[in-house]
Amino acid sequence: MSNAKRFVYILRSESHHERYYTGLTADVAQRVAAHNRGGCSHTVNGRPWKVVVAIEFADQQRAIDFERYLKSGSGCAFAKRHFR
1 MSNAKRFVYI LRSESHHERY YTGLTADVAQ RVAAHNRGGC SHTVNGRPWK
51 VVVAIEFADQ QRAIDFERYL KSGSGCAFAK RHFR
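Heads up: the sequence shown runs through residues 1 to 84, numbered per my numbering.
Derived from the structure by calculation, the hints contain no laboratory data.
Any given hint could be a false lead.
Straight-line distance between alpha carbons at most 25 angstroms, and here's what the computed SDA-like set of lysine to any residue pairs gives [stated by the list, open to error]:
(1) Lys5 / Asn45
(2) Lys50 / Ala79
(3) Lys80 / Val53
(4) Lys71 / Ala29
(5) Lys71 / Thr43
(6) Lys50 / His82
(7) Lys5 / Phe57
(8) Lys80 / Ala54
(9) Lys50 / Gly75
(10) Lys80 / Asn36
(11) Lys71 / Asp59
(12) Lys50 / Leu24
(13) Lys5 / Gly39
(14) Lys50 / Ser74
Just the calculated beta-carbon pair ranges, DEER-fashion [what the hints assert, rightly or not]:
(15) Ser15 / Gln61: 16 to 24 angstroms
(16) Lys71 / Asn45: 30 to 38 angstroms
(17) Gln61 / Val28: 27 to 35 angstroms
(18) His42 / Lys80: 15 to 23 angstroms
(19) Phe83 / Asp27: 18 to 26 angstroms
Virtual Cβ for every residue (Gly too), placed ideally from N, Cα, C.
Starting from the given sequences, assemble the full structure and let the hints guide the process.
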């Protein structure tokens, strides 16, 4: 397990306001730029994207677990209540 910091982030589509994307990265700015260049097949049709929230984790496994949770049914509901 790596001790490198990781971020779980939620993006909102500026062109389709009801579309959101949740991801995991070590560099939020670089990752958002990649999404906005069309570098991710899951987000290419929603460009441009804007960061709604980015949460930093000191532990990579906890970041992975939280991202997985946010992509679950109860995690989506949590994100809607608290981040959108």
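Subject >> Pair hint Lys50 and Ala79, alpha-carbon separation not exceeding 25 angstroms >> reply: holds (16 angstroms)
**OP:** Below or equal to 25 angstroms on CA atoms is what counts here, so check Lys71 against Asp59.
**Re:** holds (19 angstroms)
**OP:** Given the hint that Lys5 pairs with Asn45, test it: the Cα-Cα distance must not exceed 25 angstroms.
**Re:** With Cα atoms ~29 angstroms apart, Lys5 and Asn45 exceed 25 angstroms; violated.
Subject >> Holds or violated: Lys50 to Ser74, with C-alpha atoms at most 25 angstroms apart >> reply: holds (23 angstroms)
Original post:
So does Phe83 sit 18 to 26 angstroms from Asp27, Cβ to Cβ?
Top reply: holds (20 angstroms)
Subject >> Lys80 paired with Val53 [C-alpha distance capped at 25 angstroms] >> reply: Distance of about 12 angstroms is within 25 angstroms: holds.
Subject >> Hinted pair Lys50 and His82, Cα distance within 25 angstroms >> reply: holds (17 angstroms)
Original post:
Holds or violated: Lys5 with Phe57, Cα cutoff 25 angstroms?
Top reply: holds (6 angstroms)
Original post:
Taken at face value, is the distance from the CA of Leu24 to the CA of Lys50 at most 25 angstroms?
Top reply: Given pair Lys50, Leu24 holds - Cα atoms ~15 angstroms apart, limit 25 angstroms.
Original post:
For the pair His42 and Lys80, does the Cβ-Cβ distance stay inside 15 to 23 angstroms?
Top reply: At 19 angstroms between Cβs, range holds.
**OP:** With a cut-off of 25 angstroms on the C-alpha distance, tell me whether Lys80 and Asn36 pass.
**Re:** Judged against 25 angstroms, a Cα distance of about 23 angstroms means the pair holds.
Original post:
Are Ser15 and Gln61 spaced within 16 to 24 angstroms by their CB atoms?
Top reply: With Cβ atoms ~34 angstroms apart, the hint is violated.
This entry does not satisfy hints 1, 15, 16, 17, going by the numbered hints stated previously.
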